[in-house]
Amino acid sequence: AQSVTQPDIHITVSEGASLELRCNYSYGATPYLFWYVQSPGQGLQLLLKYFSGDTLVQGIKGFEAEFKRSQSSFNLRKPSVHWSDAAEYFCAVGSGYSTLTFGKGTMLLVSP
Amino acid sequence: ETGVTQTPRHLVMGMTNKKSLKCEQHLGHNAMYWYKQSAKKPLELMFVYNFKEQTENNSVPSRFSPECPNSSHLFLHLHTLQPEDSALYLCASSREGQGSTEAFFGQGTRLTVV
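Protein chains in written order, with my numbering: chain A, 328 to 439; chain B, 29 to 142.
Since the hints were made in silico from the structure, they are not lab data.
These numbers come from a predicted model, not from an experiment.
Yeah, the Cβ is synthetic: ideal placement off N, Cα and C, and Gly gets one too.
Take these hints with a grain of salt, some might be off.
[Claimed, not checked] So the derived list for chain A, only partly shown, Cβ under 10 Å to chain B, looks like this:
no.	residue
1	Gly368
2	Phe417
3	Phe429
[To be verified] In silico lysine-lysine, DSS-like type, Cα no more than 30 Å apart, as pairs:
no.	chain 1	residue 1	chain 2	residue 2
4	B	Lys47	B	Lys80
5	A	Lys376	B	Lys69
6	B	Lys69	B	Lys46
7	B	Lys68	B	Lys47
8	A	Lys431	B	Lys64
9	B	Lys50	B	Lys69
10	B	Lys46	B	Lys68
11	A	Lys376	A	Lys431
12	B	Lys64	A	Lys376
13	A	Lys431	B	Lys50
14	B	Lys80	B	Lys46
15	A	Lys431	B	Lys68
16	A	Lys376	B	Lys68
17	A	Lys395	B	Lys68
18	B	Lys64	B	Lys50
19	B	Lys46	B	Lys64
20	B	Lys80	A	Lys395
21	B	Lys69	A	Lys388
22	B	Lys80	A	Lys376
23	A	Lys388	B	Lys68
24	B	Lys64	B	Lys80
25	B	Lys47	B	Lys69
26	B	Lys68	B	Lys50
27	B	Lys69	B	Lys80
28	B	Lys50	A	Lys376
29	A	Lys376	A	Lys388
30	B	Lys64	A	Lys388
31	A	Lys431	A	Lys395
32	B	Lys69	A	Lys431
33	A	Lys431	A	Lys388
34	A	Lys431	B	Lys47
35	B	Lys47	B	Lys64
[Unchecked claim] Derived coverage of chain B by chain A (criterion: at least 3 residues anywhere in the stretch with Cβ under 8 Å from a Cβ of chain A; other residues may be distant):
no.	stretch
36	70-81
37	131-139
All chains, please: the whole structure from these sequences, using the hints.
Here it is, written out as structure tokens:
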């Protein structure tokens, strides 16, 4: 069975500092990996996705993520965080016609 | 605006009421989903429809009844709910199998059962 672990429930980052959100997955085949962001009271918006090819993928809003098969990880990064990035971030895994499995999410707080 | 619209945005209902949640997408997608998002829990997949046919029901209690009349519309009929059913209910759609393609989410319906 596929699973996703986001080990950090909350992370606080100063505005302008770099950010890395961790995601580890468990999946028997080649995974399709996603990062979504959810602002309060809103639905989920896709930030980026990895299907194959270059293991470093670029997304919207200046985010990127790197797929590391050896570590079963797909960590999300941003070089300089803005106050508007405060939200909850979800990592998800799927493949082919299987439905997505989501992690529990990481709440990002941005301090002035 | 993701192209997936959910109504109502907020709903308060008593345990004996009957209500329905509506989801509409005009993205030309073939698959639609209902998720439940409760505090401090992962997103829970409830139902999956592919080409209007239900392909997945994750052991959801019968007090939740989905309906998919066409590929663009999805309903969730609610009756005799419990307070623990209070949550954000999210609808999503995708071109086909969700795992390989991007899922677009609606803004959700915040349901409170009193």
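Hints, one by one, checked against the model:
Look at Gly368(A): its Cβ gets to within about 7 Å of chain B, closer than 10 Å, so that hint holds up. Using the Cβ-Cβ criterion of 10 Å, the hint placing Phe417(A) at the interface with chain B is satisfied: the shortest such distance is roughly 7 Å. Interface restraint check for Phe429(A): the shortest CB-CB distance to chain B comes to about 4 Å, inside 10 Å, so the restraint holds. Note on Lys47(B) and Lys80(B): the hinted pairing holds, with a Cα-Cα distance of about 21 Å set against a maximum of 30 Å.
Distance hint between Lys376(A) and Lys69(B) is fulfilled; the C-alpha atoms sit about 23 Å from each other, no more than 30 Å. Between Lys69(B) and Lys46(B) the CA atoms are separated by roughly 26 Å; this keeps the pair inside 30 Å, and the hint holds. For the hint linking Lys68(B) to Lys47(B), the alpha-carbon distance of about 25 Å falls within 30 Å, and the restraint holds. For the hint pairing Lys431(A) with Lys64(B), the CA-to-CA distance comes to about 13 Å; that is within 30 Å, so the pair holds.
Distance check on the hinted pair: Lys50(B) and Lys69(B) sit about 23 Å apart at the alpha-carbon level, within 30 Å; holds. Taken as a hint, the Lys46(B) and Lys68(B) pair is honoured in the structure, with Cα atoms around 27 Å apart against an allowance of 30 Å. A threshold of 30 Å between alpha carbons decides the hint, and for Lys376(A) with Lys431(A) the separation of about 18 Å falls inside it, so the pair holds. For the hint pairing Lys64(B) with Lys376(A), the CA-to-CA distance comes to about 22 Å; that is within 30 Å, so the pair holds.
A hinted pair counts as satisfied when its Cα atoms are at most 30 Å apart, and Lys431(A) with Lys50(B) qualifies at roughly 26 Å. Between Lys80(B) and Lys46(B) the alpha-carbon distance is near 23 Å, which keeps this suggested pair within the 30 Å criterion. Distance check on the hinted pair: Lys431(A) and Lys68(B) sit about 7 Å apart at the alpha-carbon level, within 30 Å; holds. Our distance criterion of 30 Å between C-alpha atoms is met by Lys376(A) and Lys68(B), whose separation comes to about 24 Å.
Proximity of Lys395(A) to Lys68(B) is assessed by CA-CA distance (about 28 Å); at most 30 Å being required, the pair is judged to hold. Our distance criterion of 30 Å between C-alpha atoms is met by Lys64(B) and Lys50(B), whose separation comes to about 14 Å. Between Lys46(B) and Lys64(B), the direct Cα distance comes to roughly 18 Å. Compliance with the 30 Å bound is thereby established for this hinted pair. Between the alpha carbons of Lys80(B) and Lys395(A) the distance comes to roughly 37 Å, so the proposed pair goes past 30 Å and is violated.
Distance restraint check for Lys69(B) and Lys388(A): the Cα-Cα separation of roughly 26 Å lies within the 30 Å cut-off, and the hinted pair is therefore satisfied. This hinted pair checks out: Lys80(B) and Lys376(A) have alpha carbons roughly 26 Å apart, not beyond 30 Å. Taking the CA atoms of Lys388(A) and Lys68(B), the gap is about 26 Å. The hint holds against a cut of 30 Å. At most 30 Å may separate the alpha-carbon atoms for a hinted pair to count; Lys64(B) and Lys80(B) meet this at roughly 20 Å.
Pair hint Lys47(B) plus Lys69(B) holds up; C-alpha atoms about 24 Å apart against a cutoff of 30 Å. In summary, the hint linking Lys68(B) to Lys50(B) is supported, as the alpha carbons are separated by about 25 Å, within the 30 Å threshold. Proximity of Lys69(B) to Lys80(B) is assessed by CA-CA distance (about 28 Å); at most 30 Å being required, the pair is judged to hold. Our distance criterion of 30 Å between C-alpha atoms is met by Lys50(B) and Lys376(A), whose separation comes to about 28 Å.
Among the hinted pairs, Lys376(A) with Lys388(A) is consistent with the structure: their alpha-carbon atoms are about 14 Å apart, no more than 30 Å. Taking the CA atoms of Lys64(B) and Lys388(A), the gap is near 27 Å; set against the 30 Å cutoff, the hint holds. Restraint check for Lys431(A) and Lys395(A): the C-alpha separation of about 20 Å stays at or below 30 Å, so the hint holds. Our distance criterion of 30 Å between C-alpha atoms is met by Lys69(B) and Lys431(A), whose separation comes to about 6 Å.
Taken as a hint, the Lys431(A) and Lys388(A) pair is honoured in the structure, with Cα atoms around 22 Å apart against an allowance of 30 Å. At most 30 Å may separate the alpha-carbon atoms for a hinted pair to count; Lys431(A) and Lys47(B) meet this at roughly 29 Å. Of the pairs offered as hints, the one joining Lys47(B) and Lys64(B) holds, with about 16 Å between alpha carbons and a cut-off of 30 Å not exceeded. Chain A is given as covering the stretch 70-81 of chain B, and this holds because 4 residues of the stretch bring a CB closer than 8 Å to a CB of that chain, at least three being needed.
Only residues whose C-beta sits within less than 8 Å of a C-beta in chain A count toward coverage, and the stretch 131-139 of chain B has 7 of them, enough to reach three; the restraint holds.
The structure is inconsistent with hint 20 alone, although it conforms to all the rest.
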